[in-house]
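Q: Chain by chain, the residues:
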Amino acid sequence: MDFVISIMEQGLIYGILALGVYITYKILDFPDLTVDGSFPLGGAVTAFLLTRGANPYLSLFAAFLAGALAGVCTGLIHVKCRVRDLLSGIIMMTALWTINLYIAGTANVPLFSQETIFKNGILEKVFPEGLQPYSTLLIIIILMLISKFLLDAYLQTKSGYLLRAVGDNATLVISLAKDQGNVKIVGLALANGLVSLAGSIFCQEERVFEISMGTGAIVIGLASVIIGTSIFRKFTMLKATSAVITGSVIYKACVAIALQNFEPQAMKLITAVLFLVILIVGMERRKKVKTDAGA
Amino acid sequence: MKKRMTAIFLTAAMTVVMMTGCGSKEGTTESGGDKGTGDSYTVGIQQFAEHGSLDNCREGFIKGLEEEGIVKGENLTLEIKNAMADTATNAQIADGFASDKVDMICAIATPSAQSAYNAAMDKEIPVIYTAVTDPVAAELADKDGNPVGEITGTSDKLPVEEQLKMIRALLPEAKKLGIMYTTSEANSVSAIEEYQLLAGDYGFELIEKGITQTADVALAADDLLEQVDCMTNLTDNTVVASLPTILEKANEKGIPVFGSEIEQVKIGCLAAEGIDYIALGKQTGKMAAQVLKGEKKASDIPYEIITEPGFYVNNKVAENLKIEIPADLTEQAIESFDEISE
Amino acid sequence: MLELKNVYKYYNPDTVNEMCLFRDFNLKVEKGEFVSVVGSNGSGKTSMLNIICGSIPVESGQICIGDKDITREKEYRRNERIGRVYQNPAIGTCPSMSILENMSLADNKGKVYGFRRGTNKTRISYYQELLARLNLGLEDKLEVKVGALSGGQRQAMALLMSTMTPIEFLILDEHTAALDPKTAELIMELTDKIVKEKHLTTIMVTHNLRYAMEYGSRLLMMHQGEVILDKKGTEKSSMTVEDVLGLFNEISIECGN
Chain A
155 MDFVISIMEQ
165 GLIYGILALG
175 VYITYKILDF
185 PDLTVDGSFP
195 LGGAVTAFLL
205 TRGANPYLSL
215 FAAFLAGALA
225 GVCTGLIHVK
235 CRVRDLLSGI
245 IMMTALWTIN
255 LYIAGTANVP
265 LFSQETIFKN
275 GILEKVFPEG
285 LQPYSTLLII
295 IILMLISKFL
305 LDAYLQTKSG
315 YLLRAVGDNA
325 TLVISLAKDQ
335 GNVKIVGLAL
345 ANGLVSLAGS
355 IFCQEERVFE
365 ISMGTGAIVI
375 GLASVIIGTS
385 IFRKFTMLKA
395 TSAVITGSVI
405 YKACVAIALQ
415 NFEPQAMKLI
425 TAVLFLVILI
435 VGMERRKKVK
445 TDAGA
Chain B
281 MKKRMTAIFL
291 TAAMTVVMMT
301 GCGSKEGTTE
311 SGGDKGTGDS
321 YTVGIQQFAE
331 HGSLDNCREG
341 FIKGLEEEGI
351 VKGENLTLEI
361 KNAMADTATN
371 AQIADGFASD
381 KVDMICAIAT
391 PSAQSAYNAA
401 MDKEIPVIYT
411 AVTDPVAAEL
421 ADKDGNPVGE
431 ITGTSDKLPV
441 EEQLKMIRAL
451 LPEAKKLGIM
461 YTTSEANSVS
471 AIEEYQLLAG
481 DYGFELIEKG
491 ITQTADVALA
501 ADDLLEQVDC
511 MTNLTDNTVV
521 ASLPTILEKA
531 NEKGIPVFGS
541 EIEQVKIGCL
551 AAEGIDYIAL
561 GKQTGKMAAQ
571 VLKGEKKASD
581 IPYEIITEPG
591 FYVNNKVAEN
601 LKIEIPADLT
611 EQAIESFDEI
621 SE
Chain C
270 MLELKNVYKY
280 YNPDTVNEMC
290 LFRDFNLKVE
300 KGEFVSVVGS
310 NGSGKTSMLN
320 IICGSIPVES
330 GQICIGDKDI
340 TREKEYRRNE
350 RIGRVYQNPA
360 IGTCPSMSIL
370 ENMSLADNKG
380 KVYGFRRGTN
390 KTRISYYQEL
400 LARLNLGLED
410 KLEVKVGALS
420 GGQRQAMALL
430 MSTMTPIEFL
440 ILDEHTAALD
450 PKTAELIMEL
460 TDKIVKEKHL
470 TTIMVTHNLR
480 YAMEYGSRLL
490 MMHQGEVILD
500 KKGTEKSSMT
510 VEDVLGLFNE
520 ISIECGN
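Chains as they are written, first to last, in the numbering used here: chain A, 155 to 449; chain B, 281 to 622; chain C, 270 to 526.
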């Protein structure tokens with residue numbers, strides 16, 4: 155049971171990150187490497203605020219805003235300076251390393267003695283005794299649901315429509331008399347805001363900020379998006395956002411199982427193989443769809 | 281239809297993998313004997329990264345347990361996991377140990393100690409750490425050195441004062457002491473602070489050079505060596521990994537470089553007042569044994585630092601640099617080398 | 270009124286491949302005109318449309334709408350009053366979104382794309398009405414993704430979408446070229462109907478000489494960046510496809526084709 159709970163906790167936190175990656179990778183068609191920097195950015199902002207006694211719930215908003223700002227920067231570098239998408243992300247990711255270090259103060263900020271969204275006075279009063287062991291998971295589920303439903307709702311607004319259109323067909327957005335660059339910037343801001351929010355939650359759940367916590371975040375995010383969207387491609391009842399979050403939980407489950415059965419040294423290889431298999435399965439289907447349409 | 285079949289197949293496969301995963305997990309814990317009861321123990325070792333010093337800690341820890349009669353394969357089941365410096369994996373390893381309900385987690389290096397403590401604190405699993413430079417800064421111990429919970433261990437804090445004293449003894453004329461460190465390594469930053477505090481007492485002017493990645497080492501070394509009379513090292517992972525580059529440049533200029541542990545002296549540092557990580561691991565293992573046997577609770581044992589640093593010297597390097605090692609120091613040396621190993 | 274004044278356009282400027290397309294090019298399109306443009310490949314028809322819409326910059330010269338100089342205006346800004354349909358049906362619609370979502374998107378052109386619900390439920394019946402006029406049965410498939418439609422269906426939607434909101438100019442860039450003859454005919458009739466209804470000033474580039482003769486109030490033939498034939502009103506209606514074809518062959522022979 156504990157095993158499942160810890161997988162759920164990790165998977166759902168990273169599920170919020172995956173929502174962000176879903177926006178850039180699937181909707182905007184923008185390979186955004188900023189994620190490796192904006193994930194720890196959320197943690198750094200949280201560490202900064204919590205060690206100064208700020209309200210932990212406030213830190214979630216602050217982290218989202220900081221991440222959104224990072225996304226705007228990536229967008230400006232790409233749109234205004236005409237730097238290629240991949241490079242814009244790499245530039246921002248590199249810059250964020252230093253920025254994160256400045257914000258947090260040091261490379262490792264423990265939060266054991268601080269109140270977090272998972273452990274604070276109010277919470278202990280509110281949660282009934284019996285539910286205490288599950289309080290962390292419940293809070294993560296609530297945050298995940300809020301993120302998911304807000305994103306779903308946003309994608310159904312006019313602004314959200316435009317965002318979906320820009321990755322699909324940028325010319326159409328120009329035809330609608332809108333600057334496609336601005337739409338991309340909005341998308342990147344939203345995506346990195348979510349990633350940074352996930353960073354803040356992760357940092358509070360782990361009760362420590364570590365500068366290297368973003369390394370490989372983009373890989374986890376991409377894997378979750380691809381697993382989710384490939385496996386649940388045929389389940390039209392399931393929204394893409396739900397599929398992506400489920401993908402993240404599946405990914406974390408695979409990692410947990412692999413950790414138990416293989417040498418940790420083999421982990422990266424196992425991840426790569428899993429990734430490849432799912433990509434191939436996904437691609438095979440796409441090809442079929444094309445031939446169907448042609449016939 | 282075919283597509284749906286693939287999808288169903290895939291999910292089914294995943295489920296099967298999950299089931300077998302869980303199944304085999306139970307298998308391993310059973311083979312470890314009935315944990316917690318009698319005299320048989322299961323210990324999870326959580327190491328943050330693949331690293332010479334950390335590996336030595338792990339070996340030392342196992343030896344330390346052995347000396348106390350807790351022997352692998354007899355009354356001890358070990359689960360050794362390495363996070364390969366990945367924070368997400370690190371967290372999952374800790375969660376895994378906690379849900380397996382091991383009898384103790386041994387965490388090697390600061391991030392591992394923090395995530396192990398975080399995962400174990402509600403499960404009443406004691407955590408013993410080692411190679412944590414500053415347990416107070418990591419919030420694993422309070423200001424007086426007492427544990428914050430069921431967690432204690434050993435610190436690999438550098439013996440800065442002894443090192444400065446030793447450098448002064450070997451180089452009476454030296455004024456400027458250079459140190460290179462990685463700005464993102466918390467251990468290095470806190471060691472630098474201590475050097476800043478103490479360097480003046482021994483008549484040194486400290487010149488530090490911060491880097492962010494391996495690629496900076498060569499340039500930073502050129503710059504630093506222009507300004508200093510001698511250099512010393514911390515246990516900085518990035519710098520230590522690139523030590524050969526620094527040593528080569530220093531040798532060209534005839535500038536002595538001091539190390540912080542035995543391995544560094546072996547490959548060409550002049551000398552070190554350093555930590556023997558195997559000894560540190562052993563010390564940790566003995567603390568762990570006390571907790572496992574129920575003699576003491578982890579929360580009652582303050583964290584320990586290595587009682588006495590050892591002096592290591594490389595005579596070949598001294599000869600190359602034409603530096604005379606005082607006889608009293610030579611006698612004290614725990615180990616001295618007559619050649620530089622590559 | 271749309272006017273191009275003394276326009277110069279070079280491709281690959283300052284390289285050995287420099288090519289001058291327009292040298293002192295002038296064109297004036299009056300309000301309400303329907304201009305059909307024909308000409309061989311490389312004669313500058315599509316470049317002219319791109320210059321008008323702002324998709325490519327000019328070296329010098331002016332582009333004016335009425336008295337207003339829009340030469341420096343960004344492409345997306347110009348599109349506030351311009352609707353454009355491309356040769357490729359995929360460019361005018363968003364394949365991963367449903368028909369309803371595409372219609373809603375187009376319906377909001379010129380307004381703020383804010384946090385209001387993307388689809389206004391009260392407009393659905395209006396969209397269905399518009400779609401019903403296409404006679405393609407799209408009005409019953411509102412939830413179908415546009416990517417699943419045929420080229421003709423998508424082009425019909427693109428035409429509908431680009432003319433849904435009040436615009437002044439309609440730019441048609443060989444918009445029937447990728448369609449089968451029957452669908453092309455249908456789209457062309459629909460175009461004519463919309464242009465007449467909304468009194469749009471239209472510029473249509475086409476390779477179909479019959480369409481060029483049959484539709485529109487003015488005919489332009491372009492060759493190597495120049496207008497070599499410009500007929501309006503009765504002058505145009507008195508011409509036949511054979512006349513135009515004859516002229517076409519003449520210039521082709523000059524080029525050695």
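Treat the hints loosely; a few may be bogus.
As the list claims (entries may be wrong) - Going by beta-carbon spacing under 8 Å, a handful of chain A positions derived as facing chain B: (1) Asp156; (2) Gln164; (3) Thr205; (4) Gly207; (5) Ala261; (6) Ser289; (7) Leu291; (8) Ala307; (9) Gln310; (10) Thr311; (11) Ser313; (12) Arg361; (13) Val362; (14) Met367; (15) Ala410; (16) Pro418.
To be verified - In silico DSS-like links for lysine-lysine, alpha-carbon gap of 25 Å or less: (17) Lys343(B) / Lys576(B); (18) Lys273(A) / Lys489(B); (19) Lys393(A) / Lys390(C); (20) Lys410(C) / Lys393(A); (21) Lys388(A) / Lys343(C); (22) Lys414(C) / Lys180(A); (23) Lys423(B) / Lys273(A); (24) Lys234(A) / Lys378(C); (25) Lys489(B) / Lys533(B); (26) Lys302(A) / Lys343(C); (27) Lys393(A) / Lys343(C); (28) Lys388(A) / Lys414(C); (29) Lys302(A) / Lys390(C); (30) Lys234(A) / Lys390(C); (31) Lys279(A) / Lys403(B).
Because the hints were derived from the structure by calculation, they are not lab data.
Note that the Cβ used here is the ideal one computed from N, Cα and C, for glycine as well.
Q: Would you mind marking each hint as holding or not holding in the structure?
A: Structure-based check of each hint:
Taken as an interface hint, Asp156(A) checks out: its beta carbon lies about 3 Å from the nearest beta carbon of chain B, inside 8 Å. Contact between Gln164(A) and chain B, as hinted, is supported at the beta carbon level, the nearest pair being about 6 Å apart and thus within 8 Å. At about 10 Å, the closest approach between the beta carbon of Thr205(A) and any beta carbon in chain B exceeds 8 Å, and the interface hint on this residue is violated. For the restraint placing Gly207(A) at the interface with chain B, the shortest Cβ-Cβ distance is roughly 15 Å, beyond the 8 Å limit, so the hint is violated.
Satisfaction of the interface hint for Ala261(A) is found here, the shortest Cβ-Cβ separation to chain B being roughly 4 Å, below the 8 Å cut-off. The closest approach between the C-beta of Ser289(A) and any C-beta of chain B is roughly 10 Å, which is over the 8 Å cut-off, so the hint fails. A hinted interface residue such as Leu291(A) counts as satisfied when its beta carbon comes closer than 8 Å to some beta carbon of chain B; here the least separation is about 12 Å, so the hint is violated. Given hint, Ala307(A) at the interface with chain B, is violated; its Cβ is 28 Å from that chain's nearest Cβ, farther than 8 Å.
Contact between Gln310(A) and chain B, as hinted, is not supported at the beta carbon level, the nearest pair being about 26 Å apart and thus beyond 8 Å. With its C-beta approaching chain B no nearer than about 31 Å, Thr311(A) sits outside the 8 Å limit, and its interface hint is violated. A distance limit of 8 Å between C-beta atoms decides the matter here; for Ser313(A) the minimum to chain B is near 32 Å, and the interface restraint is violated. Hint on Arg361(A) holds. Least Cβ distance to chain B is approximately 5 Å, under the 8 Å limit.
Hint status for Val362(A) relative to chain B: holds, with the closest Cβ pair at about 4 Å, below 8 Å. Given hint, Met367(A) at the interface with chain B, holds; its Cβ is 4 Å from that chain's nearest Cβ, closer than 8 Å. With its C-beta approaching chain B no nearer than about 6 Å, Ala410(A) sits inside the 8 Å limit, and its interface hint holds. Against a cut-off of 8 Å between C-beta atoms, the interface hint on Pro418(A) holds, since the closest Cβ of chain B lies about 4 Å away.
Taken as a hint, the Lys343(B) and Lys576(B) pair is honoured in the structure, with Cα atoms around 20 Å apart against an allowance of 25 Å. Of the pairs offered as hints, the one joining Lys273(A) and Lys489(B) is violated, with about 40 Å between alpha carbons and a cut-off of 25 Å exceeded. With a C-alpha separation of about 21 Å, the suggested pair Lys393(A) and Lys390(C) falls inside the 25 Å cut-off, and the hint holds. Of the pairs offered as hints, the one joining Lys410(C) and Lys393(A) holds, with about 20 Å between alpha carbons and a cut-off of 25 Å not exceeded.
A hinted pair counts as satisfied when its Cα atoms are at most 25 Å apart, and Lys388(A) with Lys343(C) does not qualify at roughly 42 Å. In summary, the hint linking Lys414(C) to Lys180(A) is supported, as the alpha carbons are separated by about 16 Å, within the 25 Å threshold. Restraint check for Lys423(B) and Lys273(A): satisfied, since their Cα atoms lie roughly 22 Å apart, inside the 25 Å limit. Using a Cα cut-off of 25 Å, the hinted pair Lys234(A) and Lys378(C) holds, with the two alpha carbons roughly 24 Å apart.
At roughly 18 Å between alpha-carbon atoms, Lys489(B) and Lys533(B) fall within 25 Å of each other, so this suggested pair holds. In summary, the hint linking Lys302(A) to Lys343(C) is not supported, as the alpha carbons are separated by about 36 Å, beyond the 25 Å threshold. Between the alpha carbons of Lys393(A) and Lys343(C) the distance comes to roughly 37 Å, so the proposed pair goes past 25 Å and is violated. A threshold of 25 Å between alpha carbons decides the hint, and for Lys388(A) with Lys414(C) the separation of about 15 Å falls inside it, so the pair holds.
For the hint linking Lys302(A) to Lys390(C), the alpha-carbon distance of about 24 Å falls within 25 Å, and the restraint holds. Simply put, Lys234(A) and Lys390(C) have alpha-carbon atoms about 37 Å apart, too far for the 25 Å limit, and the pair is violated. Using a Cα cut-off of 25 Å, the hinted pair Lys279(A) and Lys403(B) holds, with the two alpha carbons roughly 21 Å apart.
Comparing the model with each numbered hint stated earlier shows that hints 3, 4, 6, 7, 8, 9, 10, 11, 18, 21, 26, 27 and 30 do not hold.
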